[in-house]
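Student: Each chain, written out:
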Amino acid sequence: MSPVTMTIAAQSTGSEGTPSEAAPAERTNARRWSRWMRPALGLALPVGLAVAWEFIVRMGWASGRLAPPPSVIFATFVDLARTGELQRHTLVTLGRVAAGFGIGVAAATVIGAAAGYSPLVRRLIDPSIQGLRAIPSIAWVPLFILWLGIFEASKVTLIAVGVFFPVYLGLMGAIQSVDRKLVEVGRAFRLTDVEMVRRILLPAVLPAYVLSLRSGLGLGWMFVIAAELMGASEGLGYLLIDGQQLGKPAEIVAAIVAFAIVGKATDWLIVLAAAPFLRWEDVVRSD
Amino acid sequence: MLALERVGKTYPNGVHALGGVSLNVALGEIVAVIGGSGSGKSTLLRAIGGLDPPSDGAVVLDGERITAPHEKIGIIFQEPRLLPWLKVADNVGFGLGGRPRAERAARVATALKRVGLTDKAAMWPRELSGGQAQRVAIARALVPRPEVLLLDEPFSALDAFTRADLQDHLLDLWADAKPTLILVTHDVDESIVLADRVVVLCPRPGRIFDEIDVDLPRPRDRQSAAFDFVKRRVLVALDRSLNRAAGAAEAEPKATAGAALWW
Chain A
1 MSPVTMTIAA QSTGSEGTPS EAAPAERTNA RRWSRWMRPA LGLALPVGLA VAWEFIVRMG
61 WASGRLAPPP SVIFATFVDL ARTGELQRHT LVTLGRVAAG FGIGVAAATV IGAAAGYSPL
121 VRRLIDPSIQ GLRAIPSIAW VPLFILWLGI FEASKVTLIA VGVFFPVYLG LMGAIQSVDR
181 KLVEVGRAFR LTDVEMVRRI LLPAVLPAYV LSLRSGLGLG WMFVIAAELM GASEGLGYLL
241 IDGQQLGKPA EIVAAIVAFA IVGKATDWLI VLAAAPFLRW EDVVRSD
Chain B
288 MLALERVGKT YPNGVHALGG VSLNVALGEI VAVIGGSGSG KSTLLRAIGG LDPPSDGAVV
348 LDGERITAPH EKIGIIFQEP RLLPWLKVAD NVGFGLGGRP RAERAARVAT ALKRVGLTDK
408 AAMWPRELSG GQAQRVAIAR ALVPRPEVLL LDEPFSALDA FTRADLQDHL LDLWADAKPT
468 LILVTHDVDE SIVLADRVVV LCPRPGRIFD EIDVDLPRPR DRQSAAFDFV KRRVLVALDR
528 SLNRAAGAAE AEPKATAGAA LWW
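Protein chains in written order, with this note's numbering: chain A, 1 to 287; chain B, 288 to 550.
Same shape as in the complex, but just chain A (with noise of 0.2 Å):
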């Protein structure tokens, strides 16, 4: 009998043993799989149709004078970068866009702090501001025009009216919808006005607020772009009007990979320098 069990012990711990050992390399080499592969899934498509069309041209089944194939906006994309150009027109946008995004934000984060915190506040200014939200901010241009003359100022006015209102909605929102339980929870521990603004309501509150800067910062772009090409010397969104009225779209093509990359970058730059206050966030539940 015992000879028997023993061989069978020692099967069943054989067998137990070889998937036990096999199974982490191959949770690593999955978990290695989704980490490149999922984003890799994803560059498929553009990837192809660009090779597709770059094929296609070369093979000269079609002139891609009015779509350029990847190569020739590339070329475009270096050319202007080699003149200077490039960074010129981008470092303008940007200054529009920083001015009108700061703006912007430095008066929502004050009234809608205001309106969040005090009931008073949300019933005297929200209805306007809900009211004044429901326009299309394009529609203010001719009217900034008027006032602001159709340099800088109606520009970077256009872009903060834009990313007004993401921010201040995020903000009220947030500061309204704070956990009351952990409010009072800083009432147990007796924490001033200031402290309960500091130690609850801030860190309560940031989440949301950086969700709506990115908002904002993504309506700061896209109004940059309507402000440059209804008049502008410079900018990138003067280089989509040159490409244009030149017969150049590559240019344009050119200047629409600058909007993205730049546009791209300030996000992350937002995401960076939230990231240390918002790590709590990441961590997942242990059980």
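Hints in this document: simulated from the structure, not taken from any laboratory.
Quick reminder that beta carbons are idealized off the backbone N, C-alpha and C, glycines included.
Hints may contain errors.
[Said to hold, decoys possible] What follows is a set of in silico ranges between Cβ atoms, one per label pair, in the way DEER data are often shown:
no. : chain 1 : residue 1 : chain 2 : residue 2 : range
1   : B       : A389      : A       : I138      : 57 to 63 Å
2   : A       : V121      : B       : K400      : 44 to 50 Å
3   : B       : S309      : A       : T192      : 31 to 37 Å
4   : B       : E358      : A       : V121      : 41 to 47 Å
5   : A       : M196      : B       : E292      : 52 to 58 Å
6   : B       : K400      : A       : G131      : 57 to 63 Å
7   : A       : F151      : B       : E366      : 52 to 58 Å
8   : A       : I125      : B       : G384      : 31 to 37 Å
9   : A       : F151      : B       : E390      : 55 to 61 Å
10  : A       : T83       : B       : A409      : 41 to 47 Å
11  : A       : G131      : B       : S309      : 51 to 57 Å
12  : B       : E358      : A       : L206      : 44 to 50 Å
13  : B       : D349      : A       : P276      : 41 to 47 Å
14  : B       : A409      : A       : R82       : 31 to 37 Å
Given chain A, work out where chain B should sit, using these hints.
Tutor: Leaving out everything else, chain B in the frame of chain A:
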């Protein structure tokens, strides 16, 4: 000493939650407040803690009238209510805001050791289990060394095993500095395991219906006959408190049948 002098509470919406509760609690005493729903147990606790001051009567601690949260009074809520953006250690030290850094660190370390969570100090609250989180909440309330600790159904959200574990643990912690404990619960076993005195409230509006002294030696054996005897007394009082309430018809018939059996 903590004295409740005809503490009553009528909310602005007209709900009469508490109808004059008078109670004296000695320093270091453990009092469990138990009662059916609508008996104003939580309202009473919030009045003592100064979170919702009473509309009639007064809460007096050591001769001082309590109308707002007080440094001598700590509160533990039903949920841990840890601040999710603070590490466990910073949550425990939350009430030590004004103290020097070194003192704060030392007291937090002692408290975490006492609740057995030293290894979790650098974790985020979201990474804790429910029982661990409530232990952190207990440590946070105890760190400022309150004279009175209020507990609002602190273990009701936990599973039975964790609950019994934490009840024993709470007594253990209480023995360190022996603060006054006032515990609101709807768990009869819990009230008898922990309390020197069980106060039974009756509903609509909340009043004291009965007080039952529990003079069993600690640690208390939940299975002993003496424990069972006290438990029956509390259950009967609880049962009668519900029957005497305005809506006698609302009292569950099952409970009435139970009472008939016990006597």
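Student: Hint by hint, which ones does the structure fall short of?
Tutor: Of the numbered hints given earlier, those the structure breaks are 4, 5, 10, 12, 14, listed in rising order.
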